[in-house]
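Protein chains in written order, with my numbering: chain A, 1 to 524; chain B, 1 to 524.
It should be emphasised that the hints constitute simulated quantities derived from the structure, not laboratory data.
Among the hints, a few may not be true.
Straight-line alpha carbon distances no greater than 27 Å define the calculated DSS-like cross-link-like pairs of lysine-lysine that follow [claimed, not checked]: (1) B/Lys510 / B/Lys137; (2) A/Lys137 / A/Lys462; (3) B/Lys98 / B/Lys137; (4) B/Lys462 / A/Lys137; (5) A/Lys98 / A/Lys73; (6) A/Lys462 / B/Lys98; (7) A/Lys510 / B/Lys462; (8) A/Lys137 / B/Lys98; (9) B/Lys510 / A/Lys462; (10) B/Lys137 / A/Lys98.
Where chain B lies over chain A, by a calculated footprint (3+ residues, C-beta under 8 Å) [what the hints assert, rightly or not]: (11) 145–157; (12) 238–251; (13) 275–288; (14) 440–449; (15) 453–462; (16) 490–500; (17) 503–510.
Negatives, chain A to chain B, calculated, CB over 10 Å [unchecked claim]: (18) Glu11; (19) Asp80; (20) Gly127; (21) Gln199; (22) Gln201; (23) Asp268; (24) Gly427.
Even for Gly, the Cβ is constructed at its ideal location relative to N, Cα and C.
2 protein chains.
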Amino acid sequence: MITLRSYVAEEFVAGGGAQAVLVNPATEEPLAQTSTHGVDFERALRHARTTGAAALRAMNFASRGSLLLAAGKTLHAHRDELIGLAVHNGGNTRGDAKFDIDGAIATLTAYGELGQRLGETNHLRDGEGEQPMRSAKLWGEHLWLPRCGVAVHINAFNFPAWGLCEKAAVAWLCGLPVISKPATSSALLAYRIVELWAQAQLLPAGALTFLPGALGNLLELLGEQDVLAFTGSSDTARLLRRHRAVVEAGVRLNVEADSLNAAILGPDGEEGSEVCDLFLTDVLRDLTQKAGQKCTAIRRIYVPAERLDAVLAELTDRLAAVRVGNPQDERVTMGPVATRTQLESVRSGIARLAQTPGISVAAGGAEPLAGIAAPEGRGYFVRPTLLVCRDPQGASAVDEHEVFGPVATLIPYSQAAEAISLVRRGGGCLVTSLYSDDRGFVSEAVLGLGPYHGRLFLGGAKLGGQSPGPGTVFAALNHGGPGRAGDGHELGGVRGMQLYMQRCAVMGYKPTVEGLLPGAARGR
Amino acid sequence: MITLRSYVAEEFVAGGGAQAVLVNPATEEPLAQTSTHGVDFERALRHARTTGAAALRAMNFASRGSLLLAAGKTLHAHRDELIGLAVHNGGNTRGDAKFDIDGAIATLTAYGELGQRLGETNHLRDGEGEQPMRSAKLWGEHLWLPRCGVAVHINAFNFPAWGLCEKAAVAWLCGLPVISKPATSSALLAYRIVELWAQAQLLPAGALTFLPGALGNLLELLGEQDVLAFTGSSDTARLLRRHRAVVEAGVRLNVEADSLNAAILGPDGEEGSEVCDLFLTDVLRDLTQKAGQKCTAIRRIYVPAERLDAVLAELTDRLAAVRVGNPQDERVTMGPVATRTQLESVRSGIARLAQTPGISVAAGGAEPLAGIAAPEGRGYFVRPTLLVCRDPQGASAVDEHEVFGPVATLIPYSQAAEAISLVRRGGGCLVTSLYSDDRGFVSEAVLGLGPYHGRLFLGGAKLGGQSPGPGTVFAALNHGGPGRAGDGHELGGVRGMQLYMQRCAVMGYKPTVEGLLPGAARGR
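Starting from the given sequences, assemble the full structure and let the hints guide the process.
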């Protein structure tokens with residue numbers, strides 16, 4: 001069993017005291033232990049603020065972009081090893097592991113390339129200049145300038161590689177040192193990434209601090225130029241929103257919380273149509289990929305009432321072919337959930353939905369499951385579960401209770417307006433997908449659902465086999481939805497950099513203002 | 001004594017129970033009473049959400065822009081009456097009153113014109129489209145779509161007209177109904193504006209709700225599509241940040257808090273230079289305008305050490321000419337502060353700073369003051385007060401304690417880097433002004449201070465007499481600073497609309513996405 005260590009001031013230091021144990025969720029075999037007890041958080045922060053910040057600020061977008069490209073290449077060179085760790089510690093199938101690791105590499109690469117396009121400057125112009133008064137002498141330019149603090153990243157357990165890299169890529173590109181905390185249960189993969197980067201010596205000193213465990217008093221030490229970016233549960237998000245650092249010290253907080261993402265099969269989604277096939281493929285992928293543990297996964301599936309039974313039959317058939325077990329066995333197509341806590345939470349969540357009047361289990365369920373190629377009685381296996389709720393107005397539980405596992409509910413609707421109003425009841429989502437080639441339906445749904453979403457995925461026949469599905473997060477596209485989803489904004493290319501920058505209007509005599517930062521990149 | 005009434009569902013309703021009394025702060029004469037006790041907040045909210053939202057959404061940017069222009073014209077037609085109310089209830093000089101009311105009209109007009117430029121659509125495109133994957137088939141557009149909730153506005157006492165109108169203009173342009181709460185003490189002016197708009201019947205039903213008093217359970221009723229925009233003290237901001245509506249219900253909160261804005265005289269600001277004159281004029285204006293009760297007012301004044309005494313002498317001279325009293329008397333150049341509470345807070349704030357070792361009073365002070373043309377012993381008059389802190393490293397009180405009145409502290413610096421580091425100690429400001437024509441100094445200061453500010457004002461000789469000073473907020477320029485200033489974003493033309501909209505990435509087959517909203521305006 002290895003010991004994960006914190007990475008502070010370019011040294012790996014083991015924490016003392018009680019250790020948290022990381023296991024293989026398919027076998028419950030202990031893999032590693034970790035603790036951040038005794039780590040000098042104050043020193044870690046000081047090192048990031050001084051050494052790290054100075055080094056990153058001495059660079060520009062282009063050179064920091066090169067750094068990101070190199071960081072991505074390092075992961076690519078060790079891709080097989082990293083996949084192995086994700087299978088072991090994450091319960092990932094090889095496909096799940098690639099999704100996480102390739103997502104991490106793609107995001108580093110995309111932001112690396114963006115940095116090179118932005119060029120040898122440290123600042124962005126925000127849109128056109130403005131003339132604030134009648135006098136043409138006075139002029140204003142809006143600039144985005146990098147904040148002078150550190151970026152503290154609290155990541156979720158489901159994407160140890162992607163989560164680390166997508167947050168770090170954007171903060172580094174802006175010139176902020178990163179303090180990254182992985183979820184403990186799956187930290188082995190993130191730890192190895194940090195080791196690889198440290199060995200490659202590609203990051204400037206102080207650019208990265210890694211704390212695989214509790215954050216101690218770190219948040220108490222943050223101030224008004226720092227950024228806290230969190231991905232995880234709504235419950236933890238609430239604690240952070242109320243935290244003194246955010247309420248009183250002016251730390252900027254971004255939240256990406258799970259949400260009740262929907263998929264809607266349009267009125268033209270006849271059985272056997274291309275659009276219906278795409279819909280079925282995407283729904284099945286989202287149910288089983290990462291054992292449903294994606295913040296973007298489809299939780300609510302809306303289909304025209306007259307096609308409910310056909311879709312139900314088709315999905316049930318396809319789910320019957322899913323083989324749950326230890327992903328080290330080649331037959332397995334869906335791994336376990338990440339932890340015992342998740343197992344219990346998912347099973348009680350299924351039971352809770354199934355007990356709601358009007359909701360019934362069409363496939364799967366909360367009963368215990370023995371995984372293929374897992375030791376008897378071991379492993380956090382859950383049945384991929386499809387529920388059905390035939391009276392869409394009746395069961396608000398599907399709009400309120402998220403089960404973070406391979407679980408979704410099928411719901412009929414009669415008209416576009418009804419589908420829109422049902423999806424809205426989820427209170428804000430990261431992404432919803434529409435499967436239709438009916439222009440009228442698509443534009444009504446985009447306008448009706450857009451204000452409740454950070455992203456909408458339009459699945460049409462013309463996409464053919466090239467659809468990544470709604471659950472894939474892209475560096476170039478906004479990630480983060482309103483309300484329940486946390487009201488955060490990440491990624492979206494240059495848009496995601498705003499979290500780490502300050503928008504400042506600079507006004508004065510027009511030639512002075514215009515001549516001020518001739519090299520600033522156009523942010524938009 | 002008139003009774004202010006709430007404006008709910010196109011009716012004016014008087015509240016019951018104990019009444020708050022509004023006075024003339026120069027004479028303490030009671031002017032009006034108000035209460036929102038017994039107002040049906042649930043009904044008010046429902047009316048806004050249904051009738052108001054439907055009417056505003058049926059319009060587009062251009063037609064809502066026309067509405068804003070008409071709302072501005074209504075104020076212009078009653079400008080003299082409104083000025084009279086501001087003098088009476090706000091303790092404003094006529095100049096102060098015009099600043100507030102003309103600011104209100106200018107903002108309505110600017111957003112009205114912006115609406116007409118944006119045209120007959122309801123949506124904005126956010127920057128260029130993005131290709132998220134290698135396949136050129138898949139395409140993403142970022143749209144800003146109006147949120148489907150209401151905008152609740154909590155305004156500060158210092159700008160009853162401007163505060164109401166600047167917040168309402170942006171929300172209405174986006175299509176959100178407004179529920180506006182003025183600060184009680186100075187609500188007479190805002191109330192009269194609402195009456196004028198109601199008489200003119202220019203707003204669609206439900207577009208405006210006005211609540212001149214406590215908000216009762218209103219915030220408890222808000223949800224994830226609603227926006228809460230607050231201007232006022234950091235203490236109230238903290239309460240709102242911790243409010244269940246924000247922490248749990250997903251209400252989007254924007255905070256504009258007061259801050260310790262600075263002015264820096266550059267190394268080239270020799271005595272008698274144009275840039276030094278501009279600096280002295282702006283500092284004096286900010287000290288006395290609105291009796292220093294502007295969230296953007298200069299609180300900390302930095303000058304090259306060798307010019308400290310000359311500047312001190314000049315400012316002290318100019319301050320000696322300020323005549324404080326009842327602004328209905330033509331001799332008066334500075335009115336009282338707004339309330340007895342403010343009077344006490346400003347006087348104790350001055351005393352606190354003056355008692356700090358290293359800080360001394362150069363002009364004014366905390367002693368009681370009889371106002372010109374005010375009844376004996378009445379009126380909330382404060383001496384315009386200049387403090388001096390000769391050891392800039394010694395007295396952190398000037399960076400921590402804001403006195404919201406005619407009070408500022410003069411501080412020497414030796415080099416640009418020191419001035420930057422001193423200003424930064426304020427922890428985030430709405431605006432700081434630089435008085436210099438030295439390009440190197442200006443660009444160093446812009447880069448060093450930009451991350452700590454929402455706006456920087458460059459006062460150079462070339463601006464000549466056309467400088468509005470740093471304290472004027474413009475519709476076209478960002479308003480809101482990081483950290484202590486609340487980390488909000490308002491105004492800035494189209495940028496300010498983002499608070500009331502949701503950024504949503506729409507992705508799919510390229511021609512479908514591109515053809516989706518052909519009329520959407522370019523947001524940037």
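Proposed proximity, lysine 462 of chain A with lysine 137 of chain A (alpha carbon, max 27 Å): violated (52 Å)
When you check the alpha-carbon spacing of lysine 98 of chain A and lysine 73 of chain A, does it fall within 27 Å? holds (15 Å)
Examine the region 145–157 of chain A: at least three residues should have C-beta closer than 8 Å to a C-beta of chain B. Holds, because 4 residues of the region 145–157 of chain A bring their Cβ atoms closer than 8 Å to Cβ atoms of chain B.
Restraint check for lysine 137 of chain A with lysine 98 of chain B, where alpha carbons must lie at most 27 Å apart: holds (23 Å)
Non-interface label on glycine 427 of chain A, tested against every C-beta of chain B at 10 Å: Violated: least Cβ distance 5 Å, not greater than 10 Å.
Would you check the hint for lysine 510 of chain B and lysine 137 of chain B, treating anything up to 27 Å between C-alpha atoms as holding? holds (6 Å)
Restraint check for lysine 462 of chain A with lysine 98 of chain B, where alpha carbons must lie at most 27 Å apart: violated (60 Å)
Claimed clearance of chain B by aspartate 80 of chain A, with the beta carbon kept past 10 Å: holds (22 Å)
Are three or more residues of the region 440–449 of chain A within 8 Å, CB to CB, of chain B? With 4 residues close enough to chain B, the hint holds.
Assess, step by step, whether the Cα of lysine 98 of chain B is no farther than 27 Å from the Cα of lysine 137 of chain B, and give holds or violated. violated (56 Å)
Can you confirm whether the C-alpha distance between lysine 462 of chain B and lysine 137 of chain A stays at or below 27 Å? holds (9 Å)
So is the region 503–510 of chain A in contact with chain B by the C-beta rule, three or more residues under 8 Å, or is the coverage claim wrong? Result for this restraint: holds, n = 7.
In this structure, the earlier hints numbered 2, 3, 6, 13, 20, 24 are contradicted, and the remaining ones agree with it.
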